[in-house]
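Could you build all of it, start to finish, from the sequences and the hints given here?
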Amino acid sequence: MLTEQPQKLRAAGSHKVDPVVTEIIRNGLVAITEQMKTNLMRTACNMIIYEAQDFTVGLFDTRGQIVSIGIGLPMFIRGMSDTVKAMLAHFGPGGIHPEDVLVTNDAFITGSHLNHMTFAVPIFHGEDIVGFSACMAHWQDIGGALDGMTKDIFSEGLQMPIVKLYRRGEPSEDLFAVIRMNVRLPERAMGDLNAQIAATRLGSRRFLELIERYGRDAVLGGIAAIMDHTEAIAREQVLSIPDGVYEAESFMDDDGIDNGRRIPIKVKVTVSGDEMAVDLTEVGEQVKGFYNSGEATGRACCQVAFKCLTSPIEKPINEGSFRPLKIILPPGRVVSAVRPSPMRWWMTFPMTIVDTIFKALASAIPDRVIAAHHADLMSCMINGRMPDDGKIYLVSGGLIGGGWGAKKGQDGSSATICINDGDTHNSPVEQIEAKYPMLVERYALREDSGGAGTWQGGLGVEKVVRAVNEFMFNVQIERVHCRPWGLFGGHPGAGNQVSVRCGNEPELSFPSGKVLARLLKAGEAYILRSGGGGGYGSPLDRPIEQIESDLREGYISKQRAERCYGIVFRPGGDVVDVAATPARRAALRPSYDHLDWSDTVEPQPGGNAAEEFFRAGNAAIFKRCC
Amino acid sequence: MDMQSARDLPRSRVAADVGGTFTDVVAFDELSGESYFGKTLTTPEHLVEGIINAVHKANTALEQTRLFLHGTTIGINTIIERTGALTALLTTKGFRDIYEIGRINRPEAYNLFFRKHQPLVPRSMRIEVTERMNAQGAVLIPLDENEIIAIARRLKAMKVQAVAILFLHSYCSPDHEIRAKRIIEEQCPGVFVTSSHELSQEYREFERTSTVAANAYIGPRVRSYLKEIDERLAREKFPGTFFVVQSSGGLYDVVHAQRECVKMLESGPAAGVIGANAVCKRLGLADAIAFDMGGTTAKAGVVLNGEVMMAGNIMIGGYAQGLPIQVPLIDIQEVGTGGGSIARIETGGGLRVGPQSAGASPGPVCYGLGGTEPTVTDANLILGRLAPDRFLGGEMKLDLEGAKHALQTKIAKPLGIDLLDAANGIILIATTTMSNVVTRVTTERGLDAGDFAMVAYGGAGPLHAGLVARELRIPTVIIPPAPGHFSACGMLVADLRRDFVRTWFKPLEKAGFDEMENIYGAMEAEGRRALEHDVADRGKIGISRGADLRYAGQEHSVTVELPAEIFAKRDRAGVKKRFDEVHAMRYGFNAPNEPAEIVSLRSSVVGYLEKPAPKRLALTGGKRAPAHRKVHFAEHDDFVDTAVYVRSELPVGARIKGPALVEEYASTTVVFPGDELEVGAFGDLIITIDRR
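Going down the list, the sequences are from chains A and B. When you read off a place in the first sequence, starting at 1, and then add 1023, the result is the number in the working numbering. Reminder that position 82 of the second sequence reads as 77 in the working numbering, one-by-one numbering, no gaps.
These are calculated hints, taken from the structure and not from any lab test. One or more hints might be untrue.
[Stated by the list, open to error] Cβ-Cβ distance ranges computed for the label pairs, FRET-style:
| hint | chain 1 | residue 1 | chain 2 | residue 2 | range |
| --- | --- | --- | --- | --- | --- |
| 1 | A | 1409 | B | 133 | 13 to 21 Å |
| 2 | A | 1532 | B | 356 | 53 to 61 Å |
| 3 | B | 350 | A | 1433 | 17 to 25 Å |
Backbone N, C-alpha and C define an ideal beta-carbon position, used for all residues, glycine too.
Here's what the structure looks like:
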């Protein structure tokens, strides 16, 4: 069993360093990784890097521990460090030389899919390695099957074990040739490769400048002190959480092969003093479809949730943040999958694990957690031929954003990218239409999609894209049935959804959320709808004037105001009867309050409790809401 | 012409910079070459009165003024304070929510309580219109004019004050926007109507929406404010011309300023960079960093090869939650470090400086206005770099003991360090964060700050410039005269300017020079038309062209300047070569064998105004014997006896070895140990930094 023991807080004063110099180094480290990030984004050749920011850059110490990560992909918070550690183990400290460029995309090291090509360079100060500068970025194509479902890693493309792409500054032409032959867009791949190497070298150069300016001992001592400070901040936050064992369960719809077979996501969080343990032992086993991820990602789920709760805006992101966290994660779970399981869609399930950790802690820290979000990138993979020259194009459609959960005191955020990603941008409609044979018909908020609550979940969005010329369409979204849950009586948000429209036929909806290798002919369209966030607190406690505003702005319908929020309208009109509403709300309250929404709408294995509940007509109130 | 009548001719130019705290006026007398300064507190209720009072304080009569130049924060304040007009937004059917959806990003990736941008126009006021163009500019769905008329009537009934129009792909085909605007204007006389292509002809619908919505939102207020100034100037018998400063640093006339209000959001900071460029020109410098430090922020811009470096957009309200404005403007980066930045100890023992600021109220502890948290200004006072009895010319007494007590109890004691180490440490940390903002406009653009001089201004700039320069190995720091009024000074030397950008996706190999000439020609003709009223002499109009290029497959483009000979010779290879060079400079590599594509064409049309000639000061006598006081520098263990000069008493050519202080109203220049100051021919303090 893989466990990571929390390290004890070092005795005060073990890093006797100048607080001023330490602060200067802290600012310097943040600036370095920001520069690496900017450089990579501006020079990368594919939209997944420059708009979706599906990359991570960072500096690591001589053991591969995180010194500073520039936010790209939060869910890769663990992957790059683990990759540097694996590289160190592979070559041994004596086997890495100046001007070496190390690379791998081994999914079982990075914990994610093969598209995540990860580069690292050693930072030499004189004869000694003082750290590593590394960069992961998502390549648009890494070979493998173009459409459909994959069932093992071999069908997902080129696997590059840990190798040296440059040895002491000399490029390995053989390896370059191997890469070029195995990817569909070799020029783009080489462009991204160059951008990544430039970013890692930039990080190395800037780190050495810091050492030259302040001295090696001051910099390395400063880094140790920064980690200690961050650890202390995290411990203080954990200490404020009541001790106890907190559990929660949620479900994924299915693995894309066994349609409708729910996958349990069960977490146990133990808080004891200033330490926290997250146990993922009872998370479902690895699956046949490509929704698996590696152990690095399973641990990343815990660390992302932990950072959100303990030091969300503290920079740089560094290893000290995670010292008070112990992770229990046996191999073979869906987030600690073993070779050769397929991992192409690695990123979807972990997001629900993060939400489930928040849910587990809801009773302990009700004012610091968040209701569930749509938890899916809403991404689709499209390939086709350009109408003018017949060249193949690959594009990630989607990334449309979705609803986030409500929190105590704040409605959920609408149309916002899921937690796997951070500073990810959508693609401008005007850009998509100029570059690809597509026409966007609509990109809009989904009314009524946010879960009702005292604080309402954020709204999901809808995007309708018409094929101007035919293309192949693949989409694999989740949480269509297992919808984003609410907290403390807040209702669940709408689930994610995908459908296609052919001719004048009614929309064809895909109940599993998975559309694999579908040809869309000219004039046909795909429709993506992202879920809303869960609500927080009883809808009956939402202030009437807030509901009036939601109605005015069209965020909710009149029906929803009546049914979920207990609003009374004046006869024959759209005007809220402010006088009559409180009485109706009071009358509704008993049947509302005895229902624990956070539990009753939860899906059970093999089915969706919410739907069954709905079908059985057990809860009239729920029927009215949905 | 006798002396009497010459004196009666309009001969002054007046620049008024209305900031959040102060209204600064500089009046330049073209006959005598003298400058006069006036400063008043900005009173939001009576902005125009404040300007007139400051003009009077500067001993200047508007009836003898030829040019009135104005920079204002009214636009940006209207956005930040959300006090704009009742505004409606018309958009293409299916897209009214793009303004609210935005770019969907979460820059604060781990913050569960992150709040995204808040649109200026609520959803209920965003109205969808039946029309559609495609990316090639072809009409897919024609505009339904009857629908627009019906909408206009509805808006009129709602007493809407401003209307913004954004249709998809209007950057390449604005016909629908033009027609919709005309109808709304006909139906709703007096309403401020603005359409996106008039402000930006670049692709990216969210950014263009945000730009046009902001323009509408602030339009009515800015329009009436400028009208009020115009009328007040008329009452003062002002016989000259009134121009407003844009964020590009260029001037525009009131007619354009009242239409394109979002172009003036950053007028004050932009004028500062223009002023820095003028300092470079008079000193014969090609390259410089403009460094502006005030009470809450430090800002940096760049002059490269005699030209101010530009950017294509700005986020008003910061990156994470800001509203984008997509217009050409000076590339100014900002950090929340200023004199008022608060020092505090974070859990775990880290020492932090800013971004929290004590602001002007309560202000630093030493102001004695109720501030309790130690700030950068308090540290400067403790170190003797500011004098308790000489702040703002002695108008404000500073509380040294209060500052010491706060720093001792809140920082020094908990960290177990000496009071002076704590004070020096705070200054050092502030210095490095400010250095990082300078590297954002230099290093991150592929430039080495060490190759640049630094022109430093703003109230706190001269106090810290020597340290920032040391940090970045900058060899020379220049403190221009009146650093506390520098933005207003910059306005005096600005030119008229119109900037145009037109998105035009085209592989470079397929880009026809004839077609390019047409596009540039149209932009430039429009620019000339806008300027001809104020610049009669066509020889005084300059044109510069550029293009945004990228390698095929990239998204982000870089702007490449394209000199006239490129077009004369139709030198396609020359365009590529310049792009490859710029890419290598900015990002450390290029791909000469990879094809490039054009994203946008850019043109700037500049109407050169006559400038006040820089005044050479007479070499007058020896410098007066300085006063002395004890000042602490990090290099020494103890306070050292330091010479303190009065700037107005320093003659040209005077040389002063550091450590020394030079005091003037609202600013103190620190000459650090090892540095040497020389007073330049135009009164600039030119400090050679000891780079050992």
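Each hint, compared with the structure:
Between residue 1409 of chain A and residue 133 of chain B the beta carbon distance is about 18 Å. The supplied range of 13 to 21 Å therefore holds. In this structure the hint that residue 1532 of chain A and residue 356 of chain B lie 53 to 61 Å apart at CB holds, the actual value being about 58 Å. The hint said 17 to 25 Å for the Cβ distance between residue 350 of chain B and residue 1433 of chain A, and at roughly 22 Å that hint holds.
Every hint, counting from the list given before, is met by this structure.
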